[in-house]
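K.L.:
The lines below spell out each chain.
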Amino acid sequence: MVRLQVTEWQSGAEVRVKHMMPPGHIRTPSYLRGKTGTIERVLGPFPNPEDLAYGHKAPALPLLRVTFSMREVWGDTAEQPDDTLEAEIYAHWLERVSDDAT
Amino acid sequence: MTNDDTSFSGHRWHDMGGMTAGGIPTDQHDFSLWEKRVDALMVLCSTKGHFTVDGLRRVLEDMPASAFEDMTYYERWIASVNQNLIESGVYTTAELGARMSEISARGDTYGEAASD
Amino acid sequence: MPIGSKGCQTMPHDHTHSPSGHPYRKDDDVPLNYWQTLEIAVRELLIEKGVTTATEIAAQIDAMDARSPANGAAVVARAWSDPAFYDQLLADATTATRDMGFDIGPMKLIAVANTPQLHNIVVCTLCSCYPRNLLGLPPDWYKSRAYRARTVKEPRKVLAEFGVTLPAGTQVRVHDSTADMRYIVIPQRPAQTDGMSQQTLAQLVTRDSMIGTGLAKTV
Numbered sequence: 001m002v003r004l005q006v007t008e009w010q011s012g013a014e015v016r017v018k019h020m021m022p023p024g025h026i027r028t029p030s031y032l033r034g035k036t037g038t039i040e041r042v043l044g045p046f047p048n049p050e051d052l053a054y055g056h057k058a059p060a061l062p063l064l065r066v067t068f069s070m071r072e073v074w075g076d077t078a079e080q081p082d083d084t085l086e087a088e089i090y091a092h093w094l095e096r097v098s099d100d101a102t
Numbered sequence: 001m002t003n004d005d006t007s008f009s010g011h012r013w014h015d016m017g018g019m020t021a022g023g024i025p026t027d028q029h030d031f032s033l034w035e036k037r038v039d040a041l042m043v044l045c046s047t048k049g050h051f052t053v054d055g056l057r058r059v060l061e062d063m064p065a066s067a068f069e070d071m072t073y074y075e076r077w078i079a080s081v082n083q084n085l086i087e088s089g090v091y092t093t094a095e096l097g098a099r100m101s102e103i104s105a106r107g108d109t110y111g112e113a114a115s116d
Numbered sequence: 001m002p003i004g005s006k007g008c009q010t011m012p013h014d015h016t017h018s019p020s021g022h023p024y025r026k027d028d029d030v031p032l033n034y035w036q037t038l039e040i041a042v043r044e045l046l047i048e049k050g051v052t053t054a055t056e057i058a059a060q061i062d063a064m065d066a067r068s069p070a071n072g073a074a075v076v077a078r079a080w081s082d083p084a085f086y087d088q089l090l091a092d093a094t095t096a097t098r099d100m101g102f103d104i105g106p107m108k109l110i111a112v113a114n115t116p117q118l119h120n121i122v123v124c125t126l127c128s129c130y131p132r133n134l135l136g137l138p139p140d141w142y143k144s145r146a147y148r149a150r151t152v153k154e155p156r157k158v159l160a161e162f163g164v165t166l167p168a169g170t171q172v173r174v175h176d177s178t179a180d181m182r183y184i185v186i187p188q189r190p191a192q193t194d195g196m197s198q199q200t201l202a203q204l205v206t207r208d209s210m211i212g213t214g215l216a217k218t219v
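Here the protein sequences come in this chain order: A, B and C. The opening position of the first sequence corresponds to residue 1 in this note's numbering, with each subsequent residue numbered one higher. The opening position of the second sequence corresponds to residue 1 in this note's numbering, with each subsequent residue numbered one higher. The opening position of the third sequence corresponds to residue 1 in this note's numbering, with each subsequent residue numbered one higher.
Watch out, some of these pointers could steer you wrong.
Stated by the list, open to error - Capping the alpha-carbon separation at 20 Å, the derived lysine to any residue pairs in SDA-like fashion look like this:
#, chain 1, residue 1, chain 2, residue 2
1, C, Lys143, B, Gly22
2, C, Lys49, B, Ala98
3, C, Lys143, C, Ala160
4, C, Lys49, B, Gly22
5, B, Lys48, A, Ser98
6, A, Lys18, A, Lys57
7, A, Lys18, A, Gln80
8, A, Lys35, A, Ser98
9, C, Lys143, B, Met42
10, A, Lys18, A, Thr38
11, A, Lys18, A, Asp51
12, C, Lys108, A, Leu43
13, C, Lys108, C, Pro69
14, C, Lys217, B, Leu44
15, C, Lys143, B, Ala94
To be verified - If you anchor each label on the Cβ, the simulated ranges turn out as follows:
#, chain 1, residue 1, chain 2, residue 2, range
16, B, Gly97, A, Gly12, 51 to 59 Å
17, A, Met20, B, Asp4, 20 to 28 Å
18, C, Asp92, A, Glu8, 19 to 27 Å
19, A, Met20, C, Ser197, 49 to 57 Å
20, A, Gln10, C, Ser197, 39 to 47 Å
Since the hints were derived computationally from the structure, they do not count as laboratory data. These numbers come from a predicted model, not from an experiment. Note that the Cβ used here is the ideal one computed from N, Cα and C, for glycine as well.
Build the full structure now, drawing on both the sequences and the hints.
P.N.:
Written out as structure tokens, the structure is:
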């Protein structure tokens with residue numbers, strides 16, 4: 001069970017996209033998995049497409065717009081490291097990167 | 001038989017961001033009536049709750065990678081719309097099969113076979 | 001008459017090119033293929049089962065045909081002309097466009113504005129999400145492997161292929177349309193357009209400028 005509170009997510013917070021590779025319908029692009037970015041804004045809650053895709057009742061999840069630097073996403077192969085990329089990531093794919101993590 | 005290939009990461013073909021690819025194609029076609037009908041059926045069926053756009057995408061993604069090259073956009077869509085409707089029980093494969101045979105017998109072109 | 005008048009206008013009969021100059025797909029003239037047979041069968045079964053009607057399908061096609069980049073151009077021209085609307089659009093594009101009178105259905109929209117310091121470009125790497133309820137159906141290139149694959153990694157090379165070269169010091173921001181939101185880019189207002197009416201300004205707003213693969217036309 002995914003346990004989340006909307007209040008956990010605030011714009012400006014640093015987050016990391018979980019590095020998981022299960023099969024199935026997923027809206028987190030693989031090139032962003034494991035990458036760290038900053039929440040641009042909090043959206044939702046929206047029903048989880050991973051459930052909707054199979055006809056299941058879907059719990060509503062926060063959806064976060066996250067800003068990444070091209071340096072973070074592509075490393076040395078970035079075309080222009082200071083360019084940025086923004087994507088919408090459902091909350092269950094994100095973990096907080098902060099000193100309060102234990 | 002054992003499979004010693006440990007190179008597969010789980011990455012799937014539809015998840016294209018960052019992959020190497022050629023130049024952006026400039027060809028453009030106007031949508032034909034049958035393509036617009038597929039689009040309309042998708043919108044109507046999802047609006048009415050028979051399946052979701054996520055269900056449409058799931059079936060598209062589960063197609064083999066070759067489908068992206070071998071089928072057109074709306075060919076993939078009608079295949080997915082149909083599978084979702086079968087899964088949600090709107091009609092049966094037997095009903096579909098009988099109807100497709102009937103349609104094929106009407107004529108050799110879309111104009112002849114489409115009843116209206 | 002199952003198909004609305006607009007649908008009929010776009011049907012291939014004895015024309016080889018559409019009003020936009022693009023070749024028609026010759027469905028009526030070529031042998032019926034498997035997928036077209038499937039479309040006819042699915043449509044007939046849906047009508048027989050009472051899920052939809054031929055009239056409803058035709059109306060849906062008409063509604064989609066009525067949506068075009070001109071809708072977005074009107075939104076952009078108003079944003080260029082009306083600072084309060086510009087702010088409203090950036091704060092809540094869904095409400096702003098709906099209040100302007102566009103039937104965008106359930107679509108949720110975010111507007112992102114280009115400035116001398118920032119150029120936005122929109123892509124959907126996972127499928128082909130597009131603000132279709134405002135701008136109409138996406139161009140074929142938007143759905144191509146090349147655009148979906150490359151834009152997130154080498155947006156400047158992609159922009160160059162569209163003939164867009166940005167000044168040094170302009171940051172590129174790529175928006176990967178991965179979930180529930182759709183995006184429209186508000187291009188920069190061209191120079192020497194002071195005092196122009198919104199109607200005239202809208203003529204400068206191209207489809208590509210609202211995806212971010214183009215700039216507004218100059219005068």
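K.L.:
Determine for every hint whether it applies to the structure shown.
P.N.:
For each hint, the structure was consulted:
no.: 1; hint: Lys143/C to Gly22/B; verdict: holds, 14 Å
no.: 2; hint: Lys49/C to Ala98/B; verdict: holds, 15 Å
no.: 3; hint: Lys143/C to Ala160/C; verdict: holds, 18 Å
no.: 4; hint: Lys49/C to Gly22/B; verdict: violated, 45 Å
no.: 5; hint: Lys48/B to Ser98/A; verdict: violated, 44 Å
no.: 6; hint: Lys18/A to Lys57/A; verdict: violated, 24 Å
no.: 7; hint: Lys18/A to Gln80/A; verdict: violated, 25 Å
no.: 8; hint: Lys35/A to Ser98/A; verdict: holds, 14 Å
no.: 9; hint: Lys143/C to Met42/B; verdict: holds, 17 Å
no.: 10; hint: Lys18/A to Thr38/A; verdict: holds, 14 Å
no.: 11; hint: Lys18/A to Asp51/A; verdict: holds, 18 Å
no.: 12; hint: Lys108/C to Leu43/A; verdict: holds, 11 Å
no.: 13; hint: Lys108/C to Pro69/C; verdict: holds, 17 Å
no.: 14; hint: Lys217/C to Leu44/B; verdict: violated, 37 Å
no.: 15; hint: Lys143/C to Ala94/B; verdict: violated, 34 Å
no.: 16; hint: Gly97/B to Gly12/A: 51 to 59 Å; verdict: holds, 57 Å
no.: 17; hint: Met20/A to Asp4/B: 20 to 28 Å; verdict: holds, 24 Å
no.: 18; hint: Asp92/C to Glu8/A: 19 to 27 Å; verdict: holds, 24 Å
no.: 19; hint: Met20/A to Ser197/C: 49 to 57 Å; verdict: holds, 53 Å
no.: 20; hint: Gln10/A to Ser197/C: 39 to 47 Å; verdict: holds, 42 Å
Checked against the numbered hints above, the structure breaks hints 4, 5, 6, 7, 14, 15 and satisfies the rest.
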